[in-house]
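Chains C and A, in that order, are what the protein sequence lines are. Heads up: the first sequence at position 261 corresponds to 261 in this note's numbering, and the numbers run straight through without jumps. Basically this note's numbering = 1-based index in the second sequence + 1000.
In case anyone wonders, no lab produced these hints; they're calculated from the structure. Take every hint as true, because none was put in to throw you off.
Heads up, simulated DSS-like pairs for lysine-lysine below, C-alpha to C-alpha not over 27 Å straight-line:
# : chain 1 : residue 1 : chain 2 : residue 2
1 : A       : 1191      : C       : 91
2 : C       : 111       : C       : 91
3 : A       : 1222      : A       : 1046
4 : C       : 91        : A       : 1260
5 : C       : 173       : C       : 30
6 : C       : 156       : C       : 111
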Amino acid sequence: MEQELGISVKNVSKRFGDFVAVDRVNLEIKAGGLAALLGPSGSGKSTLLRLIAGLELPDEGQILLTGKDSTYEQVQDRNIGFVFQHYALFKHMTVRENIGFGLRIRRVPHKQIKARVDDLLELVQLRGLGDRYPHQLSGGQRQRVALARALAVEPKILLLDEPFSALDAQVRKDLRQWLRRLHEEVHVTTVFVTHDQEEAMEIADHIVVMNKGKIEQEGTPAQIYDHPATPFVMQFIGPVNVMHRQKEQVFIRPQDVVVTLSPPTEPGTFTDRARVKRIINLGWEVQVELSLDDGQSLMAHLSREQFADLALTVGQVVYTTSKDERSFPLDYVI
Amino acid sequence: MVKGKKISIEFLLITIALLFLGAMIYMPLLALLAEVVQGGWDVIVKTWHDRNFQSAVLLTILTAGIAVPLNTIFGLCTAWVLVRQRFPGRALVMTILDLPFSISPVVVGLMLVLLYGKHGWLGQIFDRFNIPIVFNLPGMVLATIFVSLPFVAREVMPILEEVGTAEEEAAKTLGASGWQTFWLVTVPNIKWGILYGVLLTNARAMGEFGAVSVLSGNILGKTQTLPLFIEEVYTNYQTGEAFAASLVLAMLALVTLVLKEWLSQKTGSGHRRIH
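Extracted from the complex, chain C is given alone in its bound form (with noise of 0.2 Å):
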C-alpha cells in the first residue's frame, strides 16, 4: 500500500541580512500528523512555518508537500490552510464573508458556500454569529473563525502560527483541548509554532524542539521530556535544577529532588546535606527550596503525602539524593 505523505523539509536555510534564522534544517512530518515547533523567540520556528507555506521562500534546501517539491511553488497554489497569531481576519468581512473567502476565490457557487459555512460555524461552534463582524467577538471566537476559514478551502495541510498565545488563560486551555479533538475529526497534517512546551506537549504527538535556527531535537512528547538530547532541551521542557558538580553540569528536575532526614545508608548514591530556605505550599505540590552546604541552591518539588511525612520547616537540615539526573560536561556550549 502506497504510504501518504506529510511534509519533507530538506536541508533548508533562510537568511535576513546576516541573521540566519533557519540553518539546513531536515525534518518530516508525517501525513495526518499533528507537529509542534517548540522553541524561544528567534529560534526561528516561526520562519520555518511560514517556508512550509510558502509566505517565504529558503535561500537553499527543498520543501515537499504531500510528495511534491513546492520549494518555489506560489502560496496562492500549495492548497494550506494558515492560521495567524493574530488572526488576520478580514476586518471589513462578517464571519460568514471570512469563512467563506477562500471558497469565493475558488468560484464555488453561492449555494454551495452557504451550505460549507454552516458546517463550518457548526464544527468551530460559532452557528448563530455569522453576520457579526471581527469587532464584535472575543479573541478566542476569532481565531476559532480564522481556523474555519483555514479548514474551509479543505487543506493538505493546516499551519498555525502561535494560534493561542494572544489569548487568556483559560480560554488557551479549552481551544488547546479543542484543537486536539479537531485534528482527530479532520485529519489534516498539521503543524502549530509555540513557545509554550505545556501546549506543545498537551497537544502534539510529535514535538520538534529549536534553538538558532536548528532542530535541537525531535520525537514525542514523552521522549522530549525523558530523555532530553541537550542541556537546552532539558532546560527548555519543564523547570530544571542546573547544579554545579566538579567539571559537569547536573541537570536535576525538582520533582526527582529525594528530600530525607537522614543520610541515605545505600553506598554510591551522590548525598548532599541542605538546610530549608523557603517553603512554598501551592495546594497540590509543596515546592521547598534548599540551600546547599556549598552555597547552590536546589529546587525541590514535593508531594502533598511527602511533605506531610517529612514535617519539614524552615532552617531545618536535611539530605538530598535524586531519582534522576543528567549530567553534561561543564564546558558543553547551549
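Got chain C sorted already, so can you dock chain A onto it with the hints?
Showing chain A alone in chain C's frame:
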C-alpha cells in the same frame, strides 16, 4: 475646585479654537458670499454667460479630471512600494516625495518651463513630434500633477503601515492572487485614506494658481483655469465678476467636502477614519 478649573480651561481653549477658525475660515467665506449676494443677480447671470468664465470652469474640471486619477494611481503605487518594499534609496524617495509641498509653485512652474520648453531636454523631443507642452493644456496638467502629487501617497502610507501584511498574507494562503488580494483586502482597508487623499488632491488641483499660471501663458478663453480667470478679472477691476467666479470655485471645493461626508455616512464607517 480642581474640576471647575479644568472646565474653565477647556472652555477657554474651545473659545480660542472657534474664534480662530471663525476669523480665518468661516468669516472670509461668509464675506465672499455676502459680497456676491450684494452685487446682485445681474452680475451672477452676466458672469455665468461669460464665455471666458465658462471655458475657465471647463478647463479647471478638465485639468483636475486628468491630474487626479493619474496622481491617485501613482500615489497608491508609491505608497505600496515605500511601505511594503525595502530597497536602497528608499529614504531618499521618501524625502523627494515631499518636494512638491516645499517648493514654491512659481518655482515649480519655471522648472517645468525649462524642462519642457522648446529648448528644454524633454521639450525638444516633444517638439519633434509637434506636441506642444508649455503654454498649452499638457503643460498645465503637468504643473497640476506636480503640485498635487504627494497627497494620496501621504494619506495612504500611514494607514497601509498600520494595517500590516497579515490580512494580505491570509488572503494569499486562501488562494487569492495579488490582484484579488489588492481589491478584496487591501483597498477596503485603506479606502478612507485613498478617498481623503483624492479629495485633497482635487482641491489642490482645482485651486492651483502659481505653477499653472507660469505654464499656461494665460490666454483668455483658451488656457485659463478658474483661479487664473479670477485673478485677471480682478486686476481689471471687474470685482463683481471676480467674486462671483470665486464663489463658484469655493463651491466646487465645498461640494467635494460634502461628497466625502455623504460617502462616509452612506458606508456607515466614516467614524473609523482617523485624522
